[in-house]
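Going line by line, the protein sequences match chains A and B.
Quick note on this note's numbering: the first sequence kicks off at 543 and runs consecutively.
Quick note on this note's numbering: the second sequence kicks off at 543 and runs consecutively.
Because the hints were derived from the structure by calculation, they are not lab data.
Here the structure is a predicted model, which is why all the values come from computation and not from measurement.
Just so you know, not all the hints are guaranteed correct.
Copies of the same chain are indistinguishable here, so a pair counts whether it falls within one copy or spans any two.
[Said to hold, decoys possible] Calculated cross-link-like contacts (lysine to aspartate or glutamate; reagent style EDC-like; alpha-carbon spacing at most 20 Å):
{"no.": "1", "residue 1": "LYS807", "residue 2": "GLU876"}
{"no.": "2", "residue 1": "LYS824", "residue 2": "GLU936"}
{"no.": "3", "residue 1": "LYS824", "residue 2": "ASP560"}
{"no.": "4", "residue 1": "LYS578", "residue 2": "GLU915"}
{"no.": "5", "residue 1": "LYS687", "residue 2": "ASP600"}
{"no.": "6", "residue 1": "LYS687", "residue 2": "GLU575"}
{"no.": "7", "residue 1": "LYS687", "residue 2": "GLU576"}
{"no.": "8", "residue 1": "LYS687", "residue 2": "ASP560"}
{"no.": "9", "residue 1": "LYS883", "residue 2": "GLU774"}
{"no.": "10", "residue 1": "LYS807", "residue 2": "GLU708"}
{"no.": "11", "residue 1": "LYS647", "residue 2": "ASP916"}
{"no.": "12", "residue 1": "LYS807", "residue 2": "GLU709"}
{"no.": "13", "residue 1": "LYS657", "residue 2": "GLU575"}
{"no.": "14", "residue 1": "LYS647", "residue 2": "GLU758"}
{"no.": "15", "residue 1": "LYS858", "residue 2": "GLU926"}
Listed here are the chains, written in short residue letters.
There are 2 protein chains.
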Amino acid sequence: MTGVAILGFGTVGSGVYDVINTNCGVLKSKAGEEIKVKKVLDLRDFPGNPVEEILTKDYEEILNDPEIGVVVEVMGGVEPSFTFSKRALSMGKSVVTSNKELVAKHGAELMTLAKNHSVSYLFEASVGGGIPIIRPLCVSLTADKILEISGILNGTTNYILTKMTEEGKGFKEVLKEAQQLGYAEANPTADIDGHDACRKIAILSSLAFGETVDCENIYTEGIGRITYTDIEYANKLNCLIKLIGSSKKTVDGISAKVSPFLVSKDHPLAAVNGVYNAIFVKGNMSGNTMYYGSGAGKLPTASAVVADIVDAVRHKGLSVNIGWNCDSQARVAEIKDSEVKAMLRIGSDNLEEAKKSINEVCGNVQIVDLDIEDDEFAIITNKETEGSMNLKSEKIKTMGGIKEIRNLIRMEA
Amino acid sequence: MTGVAILGFGTVGSGVYDVINTNCGVLKSKAGEEIKVKKVLDLRDFPGNPVEEILTKDYEEILNDPEIGVVVEVMGGVEPSFTFSKRALSMGKSVVTSNKELVAKHGAELMTLAKNHSVSYLFEASVGGGIPIIRPLCVSLTADKILEISGILNGTTNYILTKMTEEGKGFKEVLKEAQQLGYAEANPTADIDGHDACRKIAILSSLAFGETVDCENIYTEGIGRITYTDIEYANKLNCLIKLIGSSKKTVDGISAKVSPFLVSKDHPLAAVNGVYNAIFVKGNMSGNTMYYGSGAGKLPTASAVVADIVDAVRHKGLSVNIGWNCDSQARVAEIKDSEVKAMLRIGSDNLEEAKKSINEVCGNVQIVDLDIEDDEFAIITNKETEGSMNLKSEKIKTMGGIKEIRNLIRMEA
């Protein structure tokens, strides 16, 4: 029997408790021994809940219980999660987490600590909830050099963009509905502004390229400026708008960003709707592969946590090798050097003059007219660096016939 | 250093040779030691090819080389692959294969043999080519009870159906083109008739449900009867036609089949086009997940083989645990007990009378009229067992106004 302690009895923590109890037979046969929740740490009380009997407020009780081999850290945040994780690993207990903030910030250090104590630090649930991505990246695609990794990494924003597209509604209206339905938090900033996706693409980049990518260095733009008019332009181009986190290795370092993208309706990512997430990987041998599933949700996330517990138990006495080179910090390319194409929506008080101005600054570019809007049009830029595109945008604004640039949405270069 | 021997220098074998040579640096860092192709077994000569120097026609040379720790069996067919694999495993060498025929037939026995000799028998490449599916199933979804597994498992048939749909062409015309382009073999029976997909769903079912599923017991129907008219009906129902292998656990045993299916355009499998494959898994905790990639092709398949080599080397002295319970044979439910809905195309010499007849036999069912066909219509049956549906079909044929049943295509029940 291996005992498990769960730190934090919130959504994921109670999900882990449920998964272990519901599927105990399966787990025993897969892990080779019984897995049992021995302690749950939470400062709250849960009167009447069966968890009450194993609830503690004292972390020392967990650390000092020799039967507890795996500590599940699902408290979120950096502290006290970081300190608790370090102490568990130092005492020879494996740690399994869904805490993307902590993994993005201190994952490398915690993995080294785990290795030095012949235990595992595992975090499948920190990226993509219930989507298995870390094992495929680290065990199945080991024969590949990963060239590029990108994906729809946040369920809240994908739900909002899907609803806006399907129902022709505006951002604020759909956000409000999403909050009422529990698909968006009361304070939705981390999701809406792309910070959640940013932490996930930082973790995925670190795994794919074997060096720590600091999320502070990743250019991040949310979906707050996307309007239904943008979606109509996208539709005219046979595209959808999705919030994409992407990362690839270039000569300038790792080029990573999070921003809304025009995705062709033929691309497999275009079929990823609602709260679903998907991660697209390009390897130099395996070609394109994609991993799709529930990006969040109590049971899918808990299922990923429990699968990590099983793996830690199967490898007792060993450190499961994830292949993220802990010592080295990746160079992240500056956004201005990144190459893209984009759709620019041009507000105009004289369409003919404005199109002449565009031709002067950008040369011959594709023009998109939306029949229902008579004071604007869009252009598709040629592929160029973000720096050069910014200079051109600034220039465009000053030209005849042009009132403003109403939005800029990237598309695959 | 671990030495590798490749049995068979065909498409996959030469791909494995290329992947190991191209990505040797990556492989060394992931496996923890150098991986080197020491011998290649093939009865042919390859004059001028660098492989010439390590070519042998004598398997004993490979068996007796203590530096060779992993034997890659990519010859295909059951013999001599089976005998060669058994001998390698018995001598303490791990075996990695892409041979779905052998895995479907003798996988369980070979895994037991591997376990008894503390080596591994690995076969990621046997299902879905370059799509990582076996690791996700056996390591990432270990906390789940798998309820259902289904997918587009054959690239040739998916290419043909995609082309028929996109270009409005008939089956025979597209098959001929596919043969000219190398996407279909000169003798395409194994693909077209669904036997290849059948072997793969047999392997996936065995892994998902932990018992050996014999592919001989799986109802299998190919795409040879699909016409462009069927695709037009599908389109009217907002569906595509895909060849689907599916398997789920029911009270009658494992209910598995391979047949063309109507797939809603909103379903993630609908976005899987051309030679791409995808596998859809439903777990009791993780919910729906999907794995997408190149189902075949030299380098993607070789990449999967080499990832297995790396895993075998990482676990030297251990048997990698796949979780397929070798001793037990699964009960496969009879097709007549399987529940489905279907679209039946009804040829008629009197539409009004025919629709009355349908109402008499099937009750109130959905009728689909295709404007361009005036001597037929289609119905969507209610959910019922295949046995009961067959009885009704026989009855329908004898009824007034009805000439024939032109096709029956299943859809998700």
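Problem set entry | Hint numbers contradicted by this structure | 1, 2, 4, 5, 11 and 15
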